[in-house]
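Q: The lines below spell out each chain.
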Amino acid sequence: MNWLWFALAGLAAGIISGMGIGGGAVLIPALTILLATGQREAQHINLLFFLPTAAIALCTHIKEGNIEKKGLLKLTLFGVLGAVPAALIAVRINADWLRKGFAVFLLCMAVYELVKGWKKRKERKGSSAAPPHTVNRRQ
Amino acid sequence: MKPRKHISALIGTIAGAANGLFGAGGGSILVPGLEKFIPLETHKAHATALAVMLPLSVVSAVIYTVSSNVEIEWLTVLYVSGGGVIGGVIGAKLLKKLSAAWLNILFGLFLAAGAIRMLTL
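So the protein lines, in turn, are chains A and B. Heads up: the first sequence begins at 2 in my numbering, then just goes up one per residue. Heads up: the second sequence begins at 115 in my numbering, then just goes up one per residue.
Please note: incorrect hints may appear among the correct ones.
What the hints assert, rightly or not - Derived lysine-lysine pairs resembling BS3-like cross-links, with alpha carbons at most 30 Å apart:
no., chain 1, residue 1, chain 2, residue 2
1, A, Lys64, B, Lys207
2, B, Lys150, A, Lys120
3, A, Lys117, B, Lys158
4, B, Lys207, A, Lys117
5, B, Lys150, A, Lys70
6, A, Lys70, B, Lys207
7, A, Lys117, A, Lys70
8, A, Lys117, B, Lys150
9, A, Lys71, B, Lys158
10, A, Lys117, A, Lys75
11, B, Lys207, B, Lys158
12, A, Lys117, A, Lys101
13, B, Lys150, A, Lys64
14, B, Lys150, B, Lys207
15, B, Lys207, A, Lys121
16, A, Lys75, B, Lys150
17, A, Lys71, B, Lys207
18, A, Lys75, B, Lys158
19, A, Lys75, A, Lys64
20, A, Lys123, B, Lys207
21, A, Lys126, B, Lys207
22, B, Lys158, A, Lys123
The set of hints was computed from the structure by calculation and includes no laboratory data.
Extracted from the complex, chain B is given alone in its bound form (with noise of 0.2 Å):
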């Protein structure tokens, strides 16, 4: 079992290292990582990344923040996070309705979209 003890620890580092350099995707790492290698069921794989999240999401904010070159409006950081919680629920009724496989794809096409604008910007 010890390879196994060992992918957590990588799976871990990179979902952190992934959530401090873009402030965004450990998440995406975790998910995949810990369904293949741990194994884990789908809701409890995204349960437990969550738990992890938090945490490391929090380390990152705070060094974000208290580093002087990063300046951010606090009140469009509430505008952003109201309308995130409030979405938050919507998403989480709209799951259990959708799960189709023309939505990751649409999402997908989505991100490839975004990903590429983002290049040429």
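Chain A with its partners taken away, still in its complex shape (with noise of 0.2 Å):
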């Protein structure tokens, strides 16, 4: 019955990303905090689950055009350059400074989530007082 689990786990992950919130967060924490994967093979779950969802997502894209194309080049190839160290570190590393790295990283996403939902509930609070065109302008 594991796999239920598992595949739970990835569903949960996978509604959150489809929504455009970034899978990850979700997944990690499920997989290392309720079925006790440890942090480094989580991580590696992630990147392998992000590669099939990703790619049925960017078709779709591509098709209706959503994608800039200016920069996009460089936007990738300094991502790579990035990652590959950060992926050789990662391989190395202690897993329990990675699970307090990646802990801390999260808990920056809750923070700028949450600043994020205040804002547009002040917004949303403004925009029933102003007349609807300036709040508009705005977006």
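Since each chain comes alone in its own frame, lean on the hints to assemble the complex.
A: Shown next as structure tokens:
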């Protein structure tokens, strides 16, 4: 029955990433906290998990022309430049440090989401008071 | 327009580093980065981030896989990914219906709880 829990963890992470928020933030804690997977293994699973989901989503975006091609190559090249040494560190470093580092990163994401939610709430409250066109201009 | 060029290199490098080190999180840097500094609209930022993240994750995943001290159950990957593909379709449909402030707050609290639990694990 263990496979069911892993599939459910994937399902939850898939829903979150489909909503555009980042499935790894759900999948990695779910795997490490609930399913006793090691931090490095959880990260590895998340990387592989991302590939099919992202490929499917990307096909849709390409068809709909949502991708900004200008600067894309540069972004990707520098991304790879950052990813290679970081991944080499990740596979060597102590897993406890890795988990703690990830937790701090997660905490930053949490603060970002909370601030974003708070701002949205304030904007909505403001919009009911202000005339609608002044709100639309901001977007 | 020079600073803009440099900023995209910086955003890419940081996102790549996060993706390689934590196996996640590149998108959470790319999306706000692209929205703020390029600037792209939200749905374009999401799509472009995805286009950058896919090759990055391939590179990171290859390094993780080739490295001998990281071992995973491939069957587990299959189960998780199967759930993920189905979840992705559901999430994309939900996205159109839910975009409320409380969703960000709920998600933020959820992440904070996970982070604190992982720090004390």
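Q: With the threshold set at 30 Å, check whether the alpha-carbon distance from Lys207(B) to Lys158(B) stays at or below it.
A: Satisfied, since the Cα-Cα distance of roughly 18 Å is no more than 30 Å.
Q: Lys150(B) and Lys70(A): Cα distance at most 30 Å?
A: holds, 17 Å
Q: Below or equal to 30 Å on CA atoms is what counts here, so check Lys75(A) against Lys64(A).
A: Within the cut-off at roughly 22 Å; holds.
Q: Is it true that the CA of Lys75(A) sits at most 30 Å from the CA of Lys158(B)?
A: holds, 17 Å
Q: With the threshold set at 30 Å, check whether the alpha-carbon distance from Lys150(B) to Lys64(A) stays at or below it.
A: holds, 25 Å
Q: When you check the alpha-carbon spacing of Lys117(A) and Lys101(A), does it fall within 30 Å?
A: holds, 24 Å
Q: Holds or violated: Lys117(A) with Lys70(A), Cα cutoff 30 Å?
A: holds, 27 Å
Q: Within 30 Å, alpha carbon to alpha carbon, are Lys75(A) and Lys150(B)?
A: holds, 17 Å
Q: Taking only the CA atoms, is the gap from Lys158(B) to Lys123(A) under or equal to 30 Å?
A: holds, 25 Å
Q: Please verify whether Lys71(A) and Lys207(B) have alpha carbons no more than 30 Å apart.
A: holds, 29 Å
Q: Given the hinted pair Lys70(A) and Lys207(B), is their alpha-carbon gap at most 30 Å?
A: Between Lys70(A) and Lys207(B) the Cα gap is close to 26 Å, so the pair holds against 30 Å.
Q: Between Lys150(B) and Lys207(B), does the CA-CA distance stay at or below 30 Å?
A: Cα-Cα ~26 Å, so holds.
The structure agrees with every numbered hint stated previously.
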